[in-house]
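Novice: Sequence:
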Amino acid sequence: MSYELQALIGTRELLTVAAAEVPAARVVPLAQGLALIPVTPAVLAALQGEEAESKSGGGAGFGWHSDGFELRLAAWSKAEPIACVEAEYWGGSGTQRAAVWSNGRIVLGPLSSGEFEPSPPEGTPISRALRRIGAHVEPGDTDEFDSVGLAAHRSTDGWVTPD
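Residues 6 to 168 (the numbering used here) make up the sequence shown, in order.
These aren't lab readings, by the way, just hints derived from the structure by calculation.
Hints are supplied without guarantee of correctness; some may be wrong.
[What the hints assert, rightly or not] Pairwise CB distance ranges, derived in the manner of DEER restraints:
| # | residue 1 | residue 2 | range |
| --- | --- | --- | --- |
| 1 | Trp95 | Val22 | 21 to 27 Å |
| 2 | Lys83 | Ala47 | 23 to 29 Å |
| 3 | Glu143 | Glu18 | 18 to 24 Å |
| 4 | Asn108 | Glu26 | 17 to 23 Å |
All residues carry an ideal CB built from backbone N, CA and C; glycine is no exception.
Please take these sequences and the hints and turn them into a complete structure.
Specialist: Structure (structure tokens):
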């Protein structure tokens, strides 16, 4: 079974403000007062902007977005922290990448885990990013990823149109 996610995660309030600037964006509530914006191709195109189209890959090491994308995250993070996360799994192995912006700059990451790498004691990249923006592990859950509900859909598009 596969899992893939490309998303922005922050408080519902922050992402509601951010989504107002990006007509294609959809804010999806998560647990613990957080929400996510699935980074679909339409959202990505809107966030990158014309001035950034010639650049390849931003400073946070995500190959799918530009410096213009990161400038938007930096601007939004002046109000509250915001995380950019990605995950891709197939058959139990896969990769994660995460970074958190706060006060206009990257304050965590970019963090990444490779295929077949064991999770470090401090947690996976996404769980560490979630922790940095205020998430915590609920009793009975294995990590912040589970506690906020990121397993609810198996694909980025599933967050827009539920699986």
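Novice: Each hint: holds or not?
Specialist: To see whether the hints hold, each was checked on the structure:
no. : hint                        : verdict
1   : Trp95 to Val22: 21 to 27 Å  : violated, 35 Å
2   : Lys83 to Ala47: 23 to 29 Å  : holds, 25 Å
3   : Glu143 to Glu18: 18 to 24 Å : holds, 21 Å
4   : Asn108 to Glu26: 17 to 23 Å : holds, 19 Å
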